[in-house]
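> Sequences listed follow chains A and B, in order.
Note that UniProt numbering has the first sequence beginning at 1, numbered continuously upward.
Note that UniProt numbering has the second sequence beginning at 1, numbered continuously upward.
Since the hints were made in silico from the structure, they are not lab data.
Every residue gets a Cβ at the ideal spot worked out from N, C-alpha and C, and that includes glycine.
Some hints here could point you the wrong way.
If you anchor each label on the Cβ, the simulated ranges turn out as follows [unchecked claim]:
#1 B:Asn321 / A:Gly102: 15 to 25 Å
#2 B:Lys4 / A:Ile336: 41 to 51 Å
#3 B:Ser36 / A:Asp179: 40 to 50 Å
#4 A:Asp252 / B:Asp78: 25 to 35 Å
Computed footprint of chain B on chain A, listed as stretches where at least three residues anywhere in the stretch have a Cβ under 8 Å from a Cβ of chain B [stated by the list, open to error]:
#5 5-13
#6 18-29
#7 49-63
#8 191-199
#9 280-292
Protein chains: 2
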Amino acid sequence: MRGKKLGSQTNRLLSKPSIKSTGVVVGPKEGQGPLSQYFDEVSQDDLLGMPSWEQAESTYLYKACKKALGKAELTTSDIDFFYSGDLLNQTASSNLAAKKLGIPYFGLFGACSTMTEGLILASKAIDGGYANNVMAATSSHNKGAERQFRFPTEYGGQRPPYAQWTVSGAGAAIISQEDVGPQISYVTTGKVLDWGISDAYDLGSAMAPAAYDTLKNHLEDTNQQVSDYDAIFTGDLGIQGSSMFRELCEDDGIEVAMYHNDCGLLIYGSDQDVHGGASGCACSATVTYGYVLKLFEQNKLSRALIMATGALHNPQIVQQNVTIPTICHAVVLENISSSNNQNVGGDTSG
Amino acid sequence: MRGKKLGSQTNRLLSKPSIKSTGVVVGPKEGQGPLSQYFDEVSQDDLLGMPSWEQAESTYLYKACKKALGKAELTTSDIDFFYSGDLLNQTASSNLAAKKLGIPYFGLFGACSTMTEGLILASKAIDGGYANNVMAATSSHNKGAERQFRFPTEYGGQRPPYAQWTVSGAGAAIISQEDVGPQISYVTTGKVLDWGISDAYDLGSAMAPAAYDTLKNHLEDTNQQVSDYDAIFTGDLGIQGSSMFRELCEDDGIEVAMYHNDCGLLIYGSDQDVHGGASGCACSATVTYGYVLKLFEQNKLSRALIMATGALHNPQIVQQNVTIPTICHAVVLENISSSNNQNVGGDTSG
Numbered sequence: 001m002r003g004k005k006l007g008s009q010t011n012r013l014l015s016k017p018s019i020k021s022t023g024v025v026v027g028p029k030e031g032q033g034p035l036s037q038y039f040d041e042v043s044q045d046d047l048l049g050m051p052s053w054e055q056a057e058s059t060y061l062y063k064a065c066k067k068a069l070g071k072a073e074l075t076t077s078d079i080d081f082f083y084s085g086d087l088l089n090q091t092a093s094s095n096l097a098a099k100k101l102g103i104p105y106f107g108l109f110g111a112c113s114t115m116t117e118g119l120i121l122a123s124k125a126i127d128g129g130y131a132n133n134v135m136a137a138t139s140s141h142n143k144g145a146e147r148q149f150r151f152p153t154e155y156g157g158q159r160p161p162y163a164q165w166t167v168s169g170a171g172a173a174i175i176s177q178e179d180v181g182p183q184i185s186y187v188t189t190g191k192v193l194d195w196g197i198s199d200a201y202d203l204g205s206a207m208a209p210a211a212y213d214t215l216k217n218h219l220e221d222t223n224q225q226v227s228d229y230d231a232i233f234t235g236d237l238g239i240q241g242s243s244m245f246r247e248l249c250e251d252d253g254i255e256v257a258m259y260h261n262d263c264g265l266l267i268y269g270s271d272q273d274v275h276g277g278a279s280g281c282a283c284s285a286t287v288t289y290g291y292v293l294k295l296f297e298q299n300k301l302s303r304a305l306i307m308a309t310g311a312l313h314n315p316q317i318v319q320q321n322v323t324i325p326t327i328c329h330a331v332v333l334e335n336i337s338s339s340n341n342q343n344v345g346g347d348t349s350g
Numbered sequence: 001m002r003g004k005k006l007g008s009q010t011n012r013l014l015s016k017p018s019i020k021s022t023g024v025v026v027g028p029k030e031g032q033g034p035l036s037q038y039f040d041e042v043s044q045d046d047l048l049g050m051p052s053w054e055q056a057e058s059t060y061l062y063k064a065c066k067k068a069l070g071k072a073e074l075t076t077s078d079i080d081f082f083y084s085g086d087l088l089n090q091t092a093s094s095n096l097a098a099k100k101l102g103i104p105y106f107g108l109f110g111a112c113s114t115m116t117e118g119l120i121l122a123s124k125a126i127d128g129g130y131a132n133n134v135m136a137a138t139s140s141h142n143k144g145a146e147r148q149f150r151f152p153t154e155y156g157g158q159r160p161p162y163a164q165w166t167v168s169g170a171g172a173a174i175i176s177q178e179d180v181g182p183q184i185s186y187v188t189t190g191k192v193l194d195w196g197i198s199d200a201y202d203l204g205s206a207m208a209p210a211a212y213d214t215l216k217n218h219l220e221d222t223n224q225q226v227s228d229y230d231a232i233f234t235g236d237l238g239i240q241g242s243s244m245f246r247e248l249c250e251d252d253g254i255e256v257a258m259y260h261n262d263c264g265l266l267i268y269g270s271d272q273d274v275h276g277g278a279s280g281c282a283c284s285a286t287v288t289y290g291y292v293l294k295l296f297e298q299n300k301l302s303r304a305l306i307m308a309t310g311a312l313h314n315p316q317i318v319q320q321n322v323t324i325p326t327i328c329h330a331v332v333l334e335n336i337s338s339s340n341n342q343n344v345g346g347d348t349s350g
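Only chain A is shown next, with the shape it has when bound in the complex:
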């Protein structure tokens, strides 16, 4: 038995699969933000020469996968399985990218939690000996998401101050058994929670309880404290959700503020007029696979908890007076050989 089950939601991956390479491609707005230097490619426009936002999103995804392959000096035939999902109905972006890649494919739907959902399944495939190299990826597109979940951007509707901005871009990671990058040592699979939010603009508040619940269970399952991490990154809680998450943790004695940062507060600058922060599947994927992994490489981080958060929001169900279910999956990244770490959590907000 390789993957020991700890407590109710966590597996310890005894062989510690590692992230061999990543690929991150983002849109122009993300390229104007403070993390620009950490991304492999910034597109000049958000259509990438495609006839629609949906096909542009899939192009981001495909490009991110090709970047990851190129950096690992691998081709598609070296990848045993591809795990991908996105926000579009029927995960259209991932399906089209999977068609172009031609890799045996597991389609996922975890909304903005897809990044860690895919990483959990991918790292178990390596740890269990089912594959030599696998790829996990996800994408989102601001304009595609807006017209599917809210209003077409052409409508020019006013966004409330707590609304988050869906990231345009994609992130991909190749996971392998070789010890060549940050290792995945523990994975915690989330449960679906719903604390009664039905406002499709307030997804940070909807997801905060799921993030709190997954963190609490992760710490209990692994018998750890938040201080066992250099940093804890939530996916896309934004300003409102991050504040709620910290409050829920602190009310329960989990002093997370010193360690916590949110990918949705890192990718855009305060001058970029995104209101409540960033969101979208690509938010945690681009920040983690771009910025966080660079911190590992630079030995500024040696142990981080990545908790991508997802609002499993279906507009038709909300019209039927059902509130929004949410989920959060967590993955521990650690760099056993590194030292000289520096706490990068804290009160950063963008």
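Here the structure of chain A is known, so what remains is to put chain B in place on it, guided by the hints.
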């Protein structure tokens, strides 16, 4: 290393996880069909007391899971992970069922291939030692699928003769390490194929090439012939797709006709006016977990290949002149201790 990788797409599961129990709940039309006796529950109407088709679908799913739990004498807290997906945008049926069940959840999107996609991931979780019991499930609802993918049924549009009828219902299976039911010995993960179909009524033809490709690769990876199986069940190719699948196989020297049956040709009778056969995530799930597993129990089958087929159809993408990507995942069920087998493939059509 537990899960040996064979060829390009197949894993051999050395510990052979087994199906401990299943739960199958269907709608009234499915209850009037020839397989009625194999289902655990037939609902009197297709709303099940819910205010919408979508919520009714999720109720089918939840009920199927509860049936499987009841038959295994387990509760939700005995299940380590829940793998589920469906056809609804953002897999709404699965998300709501996962919320009620409270089991750590992996959301999947594989359209009508979800049944085997979930079974592959679930059986690997058991085989890899990550869990003691897991549950894989899927659902569909005729009226919910019609209004999302084609036209609301109230519109009364004429269906072409090759159109398939989406099954209302759900199937769930509990997979465990105990040797208590048919074992899962090989799993073959599909690649996304697209042979250029854009007619949302002709999904059987769209999926047939994916089924052929997965069968061909499965046989090559495992160095087997179709005659190594008592029966080969495709998911929901229907009349048109089944005929195309057999032709593609036979043109390639794979004499599948004697062994092949299609879940989409089994669930409804010829008097039920479903035109081209059945489809939907619940098609392969209800037929496999109801009927096929009963054949194993009765020793009429000892080795079968289950190949759920999925059209990864997104109406918006098709409106953009992109054709429909498809996929097929295969799982080998075998009952090592059984004898007295009987070939149940062949030319049955419904």
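> Under the constraints set out in the numbered hints, which ones does this structure not fulfil?
Result: hints 2, 3, 6 and 9 break, sorted rising.
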